[in-house]
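Here's the letter readout for the chains.
There are 2 protein chains.
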Amino acid sequence: MDPRQLAEAILSGQIRPAARLMRLLDDGEPQALEALKLLHGHTGRARVIGVTGSPGVGKSTLTDALIAQFRQRGLGVGVVAVDPTSPFSGGAILGDRVRMQRHATDEGVFIRSLATRGHFGGLTASTQGVVKIMDAMGKDVVIVETVGVGQDEVDVVGLADTTLVVTVPGLGDDIQAIKAGILETADVFVVNKIDREGARRAIAELQGMLELAGGREDRFGWTVPVVGVCAVDGRGLEEMLAALDEHWAHQNADPRRLASRRRQRTRMELLDLVQTQIMSRLTKVMDQGRGLDDLVERISQGQADPYSACDDIISRFLTES
Amino acid sequence: MDPRQLAEAILSGQIRPAARLMRLLDDGEPQALEALKLLHGHTGRARVIGVTGSPGVGKSTLTDALIAQFRQRGLGVGVVAVDPTSPFSGGAILGDRVRMQRHATDEGVFIRSLATRGHFGGLTASTQGVVKIMDAMGKDVVIVETVGVGQDEVDVVGLADTTLVVTVPGLGDDIQAIKAGILETADVFVVNKIDREGARRAIAELQGMLELAGGREDRFGWTVPVVGVCAVDGRGLEEMLAALDEHWAHQNADPRRLASRRRQRTRMELLDLVQTQIMSRLTKVMDQGRGLDDLVERISQGQADPYSACDDIISRFLTES
Numbered sequence: 001m002d003p004r005q006l007a008e009a010i011l012s013g014q015i016r017p018a019a020r021l022m023r024l025l026d027d028g029e030p031q032a033l034e035a036l037k038l039l040h041g042h043t044g045r046a047r048v049i050g051v052t053g054s055p056g057v058g059k060s061t062l063t064d065a066l067i068a069q070f071r072q073r074g075l076g077v078g079v080v081a082v083d084p085t086s087p088f089s090g091g092a093i094l095g096d097r098v099r100m101q102r103h104a105t106d107e108g109v110f111i112r113s114l115a116t117r118g119h120f121g122g123l124t125a126s127t128q129g130v131v132k133i134m135d136a137m138g139k140d141v142v143i144v145e146t147v148g149v150g151q152d153e154v155d156v157v158g159l160a161d162t163t164l165v166v167t168v169p170g171l172g173d174d175i176q177a178i179k180a181g182i183l184e185t186a187d188v189f190v191v192n193k194i195d196r197e198g199a200r201r202a203i204a205e206l207q208g209m210l211e212l213a214g215g216r217e218d219r220f221g222w223t224v225p226v227v228g229v230c231a232v233d234g235r236g237l238e239e240m241l242a243a244l245d246e247h248w249a250h251q252n253a254d255p256r257r258l259a260s261r262r263r264q265r266t267r268m269e270l271l272d273l274v275q276t277q278i279m280s281r282l283t284k285v286m287d288q289g290r291g292l293d294d295l296v297e298r299i300s301q302g303q304a305d306p307y308s309a310c311d312d313i314i315s316r317f318l319t320e321s
Numbered sequence: 001m002d003p004r005q006l007a008e009a010i011l012s013g014q015i016r017p018a019a020r021l022m023r024l025l026d027d028g029e030p031q032a033l034e035a036l037k038l039l040h041g042h043t044g045r046a047r048v049i050g051v052t053g054s055p056g057v058g059k060s061t062l063t064d065a066l067i068a069q070f071r072q073r074g075l076g077v078g079v080v081a082v083d084p085t086s087p088f089s090g091g092a093i094l095g096d097r098v099r100m101q102r103h104a105t106d107e108g109v110f111i112r113s114l115a116t117r118g119h120f121g122g123l124t125a126s127t128q129g130v131v132k133i134m135d136a137m138g139k140d141v142v143i144v145e146t147v148g149v150g151q152d153e154v155d156v157v158g159l160a161d162t163t164l165v166v167t168v169p170g171l172g173d174d175i176q177a178i179k180a181g182i183l184e185t186a187d188v189f190v191v192n193k194i195d196r197e198g199a200r201r202a203i204a205e206l207q208g209m210l211e212l213a214g215g216r217e218d219r220f221g222w223t224v225p226v227v228g229v230c231a232v233d234g235r236g237l238e239e240m241l242a243a244l245d246e247h248w249a250h251q252n253a254d255p256r257r258l259a260s261r262r263r264q265r266t267r268m269e270l271l272d273l274v275q276t277q278i279m280s281r282l283t284k285v286m287d288q289g290r291g292l293d294d295l296v297e298r299i300s301q302g303q304a305d306p307y308s309a310c311d312d313i314i315s316r317f318l319t320e321s
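Line order of the protein sequences matches chains S and Y.
According to full-length UniProt numbering, the first sequence is numbered sequentially starting from 1.
According to full-length UniProt numbering, the second sequence is numbered sequentially starting from 1.
For reference, chain S alone in the conformation it holds in the complex (with noise of 0.2 Å):
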């Protein structure tokens, strides 16, 4: 299949040629960029939803039910599971993916997990990648998931057209578990695990550093909401749908806001694919003649430093590529 048909198969909705289109992304195939290229124009209509928080906290669990709601809503569903430090990519193995397996044989609901940086792109631009396929072939909404709360994840889902950030009640101090960064990425918060001791104070503490931080409305008059709920047992998963619905409807209503966050979006991916290109032509010239490792040797025994290693590296890069 060349990469004109399995743009088309794909944008007629085809489940394989999607999985394979991601696998040919997976292993660095060049054919699988030129079909991406032809995918791009047909995206930008799926809603992107971003969900994460610390391990431990429930995503999968919330993730899950959010798919259970928009299929109940007969809404097309693609999920993807973003995990830095997995080896794995590909199939949803890992422990916490097995619960949203329950919708494994749902035509309606694609799920896949991405582990690696690609070979085009960092994460930002893998994760973009995958969702524009998920977007082409005409999913309705299409979850984000990243595990972990590091710089890369914030990245990866503040790119979201909404980003619901997860914790719960009682892991350590709550003031640890969130981070600056995380609470200028939130539109909605959820506090999972209330049924725990300590559910109270911990919405009320999150409330109260929404306001330390510059007050809970955003420039776009969004005021960001803290929901508790109980993802076992459903309490409050109601109102959760209902914040996001209501983030989803806020963008909307000015075309702008939706429009300035998707730029935002694009500048990141386009960022992100230069700057892993660029590291992979570096890599190349590197590898010519050990250059790298003599480098490291040299700065081992002490014969240079690496600053003045790393402006040669760059001038030999410049002359040679």
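To be clear, the hints were calculated from the coordinates, so they are not data collected in a lab.
A quick note: this is a predicted structure, and the numbers were derived from the prediction, not measured.
All C-beta atoms, glycine included, are put in the ideal place defined by N, C-alpha and C.
Treat the hints loosely; a few may be bogus.
Residues from chain S shown here face chain Y by an in silico Cβ test under 10 Å; the list is partial [as the list claims (entries may be wrong)]:
id: 1; residue: Leu36
id: 2; residue: Gly41
id: 3; residue: Gly44
id: 4; residue: Ala125
id: 5; residue: Leu270
id: 6; residue: Met279
id: 7; residue: Tyr307
With chain S fixed as given, assemble chain Y onto it according to the hints.
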């Protein structure tokens, strides 16, 4: 103070010049780089310990306990608390850092928090810069503590001579909290809060996961121990320190082991420096004539795709820089 004077003052162990150089680095002052070049040849003596784990597992409390124990031995201690999701660099501000403040008046302890990626390098190179300054000023032990479990944090902590990974019982499924990337990084595992229910199971599960991941012995013949501690009442802290000392002795028993790890560290620092420098040059090229904004706008309006735009940017970069 010129770079040479600054370097000399730091090498004589003075605290204020060291703090000043760290600020200059943060601010992107070129003289900071000059001073670091001069210091580089005088580094490599400090023992570097990395401490990582999910938010709320008690990393700072354990770091605090480590500081106290190393101080009892009369050793000078430096601490770099890395939090890439925080917008604050410099002092020790955030909630979880407060616990270390009891050492704030101890001249033998030097604590710095590091939030931003630097001007001269990303998180890896910035952290290495601060570690180097502490090393040069004569600290015997430098502890690098990172919040979160993202790839950046794994990279940063993986650069230590010994890496301590902290978890707690009942953090969702334990399998969620300990990802494969972290498993490979750990030299010593600590299960904190063993007064909690499920502690024994958590320790057993971790040991099981280590077996699964190819046996508990690494390629240098080191068996990764799992130590249960309760940082609050002090239980297990001595065993933890003993495990760290044992790993340090193991590394030093064969000079190739430590050298191989430190070469890896140098390589990552160098690549990080190069990447940041190239991206900063790229940004300059792209800032001319609204290059990036124009491209983003064209992509948003469907007149271009990010993959072709990436090619355009790279050829422009290579011809113009």
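Evaluated hints:
1. Using the Cβ-Cβ criterion of 10 Å, the hint placing S:Leu36 at the interface with chain Y is satisfied: the shortest such distance is roughly 6 Å.
2. Interface hint status for S:Gly41: upheld, as the beta-carbon distance to the closest one in chain Y is roughly 5 Å, under 10 Å.
3. Here the hint on S:Gly44 is kept, as its CB sits about 8 Å from the closest CB of chain Y, short of 10 Å.
4. Restraint check, S:Ala125 versus chain Y: the minimum CB separation of about 8 Å is within 10 Å; hint holds.
5. The beta carbon of S:Leu270 comes within 5 Å of a beta carbon in chain Y, closer than 10 Å, and the hint placing it at the interface holds.
6. The interface hint given for S:Met279 holds, since its Cβ lies 6 Å from the closest Cβ of chain Y, which is under the 10 Å cut-off.
7. Taking 10 Å as the C-beta contact cut-off toward chain Y, the hint placing S:Tyr307 at the interface holds, the least distance being around 5 Å.
Consistency note: the structure conflicts with none of the earlier hints.
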